[in-house]
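> Read off the chains here:
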Amino acid sequence: MPTTLTLEVFRYRPEAEAEPVLQSYEVPFRKDWVILDALNYIKDNLDGSLSYRWSCRMGVCGSCGMMVNGTPVLTCATFLEKYLPGPIRVEPLKNFPVVRDLVIEMNDFMRKLKRVKPWIIREEEKPLSEGEYLQTPAQLADYKQYSMCINCMLCYSACPIYGLEPSFTGPAAIALAQRYNFDNRDQGKKQRMEALAQDGGIWECTLVGECSVVCPKDVDPAGAIQRYKVASTNEWWKSLLMPWSKT
Amino acid sequence: MNQNPHYTKHHPRWYRVRMPIFWWVHKWVHAKFILRELTSVAVAFYAMVLLFQIRAVAQGPEAYASFLAWHKTPVAIVLHAIAFLLVIFHSVTWFNLAPKALVVRLGKKRLPDFVIAASNYAAWAVFSAAVVWIILSN
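Taken in order, these protein sequences are the chains called A and B. In case it helps, the working numbering puts the first sequence at residues 267 to 513. In case it helps, the working numbering puts the second sequence at residues -1 to 136.
Treat the hints as calculated values from the structure; they're not laboratory data. Heads up, a few of these hints could be off.
Said to hold, decoys possible - Once the Cα atoms are required to be at most 25 Å apart in a straight line, the calculated DSS-like pairs of lysine-lysine come out as:
1) Lys30/B with Lys495/A
2) Lys455/A with Lys25/B
3) Lys107/B with Lys483/A
4) Lys98/B with Lys495/A
5) Lys70/B with Lys495/A
6) Lys410/A with Lys106/B
7) Lys504/A with Lys455/A
8) Lys106/B with Lys495/A
9) Lys456/A with Lys30/B
10) Lys483/A with Lys25/B
11) Lys410/A with Lys98/B
12) Lys98/B with Lys383/A
13) Lys483/A with Lys70/B
14) Lys25/B with Lys348/A
15) Lys107/B with Lys309/A
16) Lys98/B with Lys455/A
As the list claims (entries may be wrong) - If you want the ones that stay clear, here's a sample from chain B, every Cβ over 10 Å from chain A, calculated:
17) Ala54
18) Val55
19) Phe65
20) His69
21) Leu83
22) Leu84
23) Ala99
24) Leu100
Don't be surprised by glycine CBs; every beta carbon is placed ideally from N, CA and C.
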């Protein structure tokens, strides 16, 4: 068992350099350390200027996603041990602009998330006096998987389509649209379909499938998008064959 | 709102990289994906062969004979062999992906992925057997 390990960390300091560089740091190897522990060690003991995002350390907040040896992972849930004997290359999430070091710019994702209206839409709200909207465990099971998304954006980094075509709404946002479409309390399916059946929507996806592979919460965005395509196709046929029916 | 995320007036210091043309050669899953997409060319080839066959039938026995004669040339045989392999690859990857798009519930339980894929393979086998039967019974 080695006592130390080398981390090659992507450094980009826009005020000092035009191109990013890889900087090597020697960190202690501990069996119970994850990549994030090693980054914190660097920040505390070796180089306080290293910038990265993190918060909860337990795979819930979705802040600490980075590329580790070329694969997008949550650094709080990825052990150093997996990459022995090293070195381990840590880079910012792919397909996003880099602000500094390991910090990426995520406004594009936030904008797209808002566009799919990920909240419960009612045609008419019922008055409070009528009580809550009820739901059975089976109805909950219909969408629960898609509700597990923590917005960590690993799926965007894994998606070559998003890299090639930045207007693509992307895996997480579409999976979250499905989370509300499959919720029996929601009536906003049509509004979301309007946003997603056009350019940059579901049809940009050519099913590479990597988004579902890297998802730390088993949301399966690739599956969500394919189900959306089936629904969209069905709707098109329905509007063609039965133009009088309301979808 | 600015719809093109590549274009921003501000933040000239953000570091961006363009995806290289050969982005797909580094990982086997990506190469497999590109290969799968390219196999649709072979599917189109088969569709074209069928259209030409129908045209030859419509034009009469002479045209049909020359259509058949072309299919006995080494070029045609090699083309068909390549197209056949590519279409097999296309079909297998397609059937394996089918469970992603098709979620079937029986009561409270979701049908497992392999059942959906297996039913596709079964349908494929049945149709292929029917085609073989039609050809052999003539």
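> State for each hint whether it applies.
Hints, verified against the model:
Between Lys30/B and Lys495/A the CA atoms are separated by roughly 22 Å; this keeps the pair inside 25 Å, and the hint holds. Taken as a hint, the Lys455/A and Lys25/B pair is broken in the structure, with Cα atoms around 37 Å apart against an allowance of 25 Å. With a C-alpha separation of about 20 Å, the suggested pairing of Lys107/B with Lys483/A holds against the 25 Å cut-off. With a C-alpha separation of about 11 Å, the suggested pairing of Lys98/B with Lys495/A holds against the 25 Å cut-off.
Of the pairs offered as hints, the one joining Lys70/B and Lys495/A is violated, with about 42 Å between alpha carbons and a cut-off of 25 Å exceeded. A threshold of 25 Å between alpha carbons decides the hint, and for Lys410/A with Lys106/B the separation of about 14 Å falls inside it, so the pair holds. Distance hint between Lys504/A and Lys455/A is fulfilled; the C-alpha atoms sit about 15 Å from each other, no more than 25 Å. At most 25 Å may separate the alpha-carbon atoms for a hinted pair to count; Lys106/B and Lys495/A meet this at roughly 24 Å.
With a CA separation close to 35 Å, the supplied pair Lys456/A and Lys30/B exceeds the 25 Å bound. Only pairs whose Cα atoms come within 25 Å are accepted, and Lys483/A paired with Lys25/B is accepted, the gap being roughly 23 Å. Of the pairs offered as hints, the one joining Lys410/A and Lys98/B holds, with about 17 Å between alpha carbons and a cut-off of 25 Å not exceeded. Between Lys98/B and Lys383/A the alpha-carbon distance is near 24 Å, which keeps this suggested pair within the 25 Å criterion.
Simply put, Lys483/A and Lys70/B have alpha-carbon atoms about 55 Å apart, too far for the 25 Å limit, and the pair is violated. Straight-line distance between C-alpha atoms of Lys25/B and Lys348/A comes to about 19 Å, which keeps the hinted pair within the 25 Å bound. Distance hint between Lys107/B and Lys309/A is unfulfilled; the C-alpha atoms sit about 48 Å from each other, more than 25 Å. Restraint check for Lys98/B and Lys455/A: the C-alpha separation of about 20 Å stays at or below 25 Å, so the hint holds.
No Cβ of chain A approaches the Cβ of Ala54/B within 10 Å, the least distance being about 34 Å, so the stated non-interface status holds. Every CB of chain A is more than 10 Å from the CB of Val55/B (nearest about 31 Å), matching its label as outside the interface. Every beta carbon of chain A lies more than 10 Å from that of Phe65/B, the smallest distance being close to 35 Å; the non-interface claim holds. For His69/B, the requirement that its beta carbon stay farther than 10 Å from each beta carbon of chain A is met, with the minimum near 33 Å.
The Cβ of Leu83/B sits about 21 Å from the closest Cβ of chain A, beyond the 10 Å cut-off, so the non-interface label holds. At the 10 Å boundary, the C-beta of Leu84/B stays outside the reach of chain A, the nearest C-beta of that chain being 17 Å off. Residue-level check failed: Ala99/B sits 4 Å from the nearest beta carbon of chain A, not beyond 10 Å. Residue-level check failed: Leu100/B sits 7 Å from the nearest beta carbon of chain A, not beyond 10 Å.
Hints 2, 5, 9, 13, 15, 23, 24 from the earlier list are contradicted by this structure; the remaining hints agree with it.
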